[in-house]
Amino acid sequence: MRNLIKSVLLLNLSWIAIESNAQQNNPELQGKVINKQQPVESAMVSLLLARDSSVVKTALADKSGMYRFQQVGSGKYLLLANMVGFEKAYSGPFEWNGSATKMLPDIQLMAKANGLAEVTVSTKKPLIEQKADRTIVNVEASPTNAGATAMEILEKSPGISVDKDGNISLKGKEGVVIYMDGRPTYLSGPDLVNLLKNTQGSQLDQIEIMTNPPARYDAAGNAGVINIRTKKSKVVGFNGSVTAGYGQGVYARNNQNIQLNYRKNKLNFFGNIGRNERLGFQNIAIDRRFIDGNSKQIVSFFEQVTDRGTYNHSYNGKLGIDYYLSNKTTMGLVYSGFNNKGGGYSVGNIDIFNSQHSFINKTIAYNGNADSWKNNSLNFNLRHQLDSAGREISFDADYLTYNGNTNLYLNNAYQNNLGQSIAKTDSLMGRLPQVIDIYSAKIDYVHPLKNNAKLEAGIKTSFVTTDANAVYDTISNGVVMRDFNRSNHFVYRENINAAYVNYNKALNKKWNLQLGLRAEQTLAKGDQKTTNVQFNRNYIQVFPTAYIQFAANEKNSFVLNYGKRIRRPDYQSLNPFVEFLDRYTYEQGNPYLKPQFSHNIELSHTFKGFLTTTLNYTKTTDMIQQVIMQDDVKNETFIKQDNIATQQQFGLSVNASNQYTKWWSGNIYLNVANNQLTGPINNAPVNISATSFMANISQQFKLNKGYSAEISGFYRTESIEGVFRIKPFGIVNIGISKQIMKNKGTIRLNVRDIFWSQKIKGESKYGTVDANFRQYNDNRIANITFTYRFSKGKGATGPRKRGGAEDEQSRVGVDSGK
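Going letter by letter, the sequence shown gives residues 0 to 817 in numbering that gives the first Met the number 0.
Simulated from the structure, these hints should not be mistaken for laboratory data. These numbers come from a predicted model, not from an experiment. Incorrect hints may have been included.
Taking lysine-lysine and the BS3-like style, the derived pairs with C-alpha atoms no more than 27 Å apart in a straight line are [said to hold, decoys possible]:
hint, residue 1, residue 2
1, 639, 373
2, 554, 508
3, 361, 633
4, 760, 295
5, 449, 101
6, 639, 618
7, 295, 633
8, 633, 75
9, 764, 618
10, 263, 35
11, 327, 449
DEER-style ranges, computed between Cβ atoms [unchecked claim]:
hint, residue 1, residue 2, range
12, 669, 762, 23 to 33 Å
13, 424, 291, 25 to 35 Å
14, 647, 682, 53 to 63 Å
15, 675, 473, 38 to 48 Å
16, 785, 422, 50 to 60 Å
17, 86, 377, 34 to 44 Å
18, 701, 75, 28 to 38 Å
19, 754, 281, 17 to 27 Å
Built from N, CA and C at the ideal position, the CB exists for glycine as well.
Construct the entire structure; sequences and hints are all you get.
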């Protein structure tokens, strides 16, 4: 690994030595932003491609109103100038050959009529923006997002689907890594679900969806990366917003959020705090048939119905400071954290029948859990622009700690068909604490080259320790005894070292090439202290990426990309402790899980900037998937993650985003995919395949007198999720919003899942496994939300800093039974 890092650094230094002199005389585009012949300082100027208005570069006007663009290829461009308190201004189009410095005409900004002190930042953005390398969802552009959680907003975003357990897929592929503000969430499984359900949409700005990220990103994420950007003001002075919401389904929920920002001179302070409280319920029905492995005949039937009530009360917050040491150097410190408390109580009735479906007996399972999950995160970042040519170096250091605990109580009563007790009631109590510490640091370097080329390189290291000590006790005749067969203490340590290099080159006016290579070394050690069993892993993997972009003409452009990616097992999945749903059903970790690898190829065509069609192919080996195992003798069913098979997917997606009229706009996303899973599961050959179709549609209407409305929804045909075949389902949402208080306030009213159609049904059939399930939650919710914004000051800009910790956070998880 040391040799790899040295090679990358030497490559950097070689390019610097070769190119440093050439950079001094690079031609550039120059211009000035004025208002009534006076310079406008801090105006944001964007350089746009004339053919589709996509952003090429941005620059900030200096005290004299001057802006500059360097390392720009020849072509046809537009300019857009933005400044709080002024109307937008466009300039161009114009041609540039890239060979000599060009002075552009002045851009004239006109002040808004209401004056600077009364300015409210209420720029109307489209709901969906399609970029060359990502799809962007502007959260506030949709009235139906009011009162919604981050999970619910993701669920209705193009290409994203959420399964019955809250696991997120992208274009029908599992293994998505979730980031927040460029930093990984470091959560997985139930804890990631809990975080997203407790993060309110009022805190979000954008969702960036990347199916094949470049080499700068960690190689983790079979299906790609979803980056959730929270709100952060760019206005000098004191500003912020206050939001409060109430929702009513079968049960009630409420949320509040405050965001504040103060910027003056070289300092910028920002922070937010949110509170969320919700009640809910879940109904689960499972029908299982136990089959003899030799005769293949049904031995018994289990028919189970469980009603579960849930509650959650959470706080989350962020506090940060940016210090601008100079025009070229920015230093920042960000603290964030959350405190989630919740739990639930369920009653399950399990009817047991013989092979002729004659009733034998009944088990009544009472299950209660109380959960807590805390996080503290600290990020230090430093960014320095080495020169005006675009050379830049940045450094990030992160420390994160998670502390979770679940107290579990399970009681089973056994009755005959007359309701009489036939055996002693058994009880099980569990304490499942887990502590996770993560340290991460990285350095990234950007070096522009001559002839419209750019080199990026970097190194990263991370250290993770997770300590889980599950303690179970049984109660017999009122006596509490330690259950050593179920208790388990597991410690896992992991160190990942990485280095990457990325090269981008505009070959000519039509062709652009990007090549990347990332190497990651993984050192892992698992220690099952209860049984004194240990394992060690040490492996190095290389992950290439390649992008070729072709602009055929002003109406048509193509992108072909390839990437190899990895999905390492979640920390939770490696933990071998057992967690029970009832006497016959439990979940167990697997310390012998191996990472899965995928190869992704995509070909995209964009027409007139609004219609994008994508063909994709993915092959995944050693696929990590939740599987069902059965003990036919004890009539027990348990679920665990395993490396089960090889999966192949062929897909076709179409995304159309259009402004039909001045008052009507919309986005339509369609995706068809064929998934095939082949391989042995529990020593039985399995071949599962399905072709599924998904539609995601949203239509927005701008009405008179500050009103706007939206109708949105999605529909999925039958599909497969690993070894589960899921029946069709979908939802419809409606919403309306009204601007009040001179556009400083917004009231939003919406109803989610108005027909209560998001009821999941499915089956799993392979080997001796034969099970059907039905599940529905408190999904039909009416929400009302009020937001008040205040803003005084002039526009300012500053890059949002992404943290250094990446893959590790997406893999944290303690199954808290939510």
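Requested in this report: Tell me, in ascending order, the numbers of any earlier hints that this structure violates.
Outcome: 8, 14
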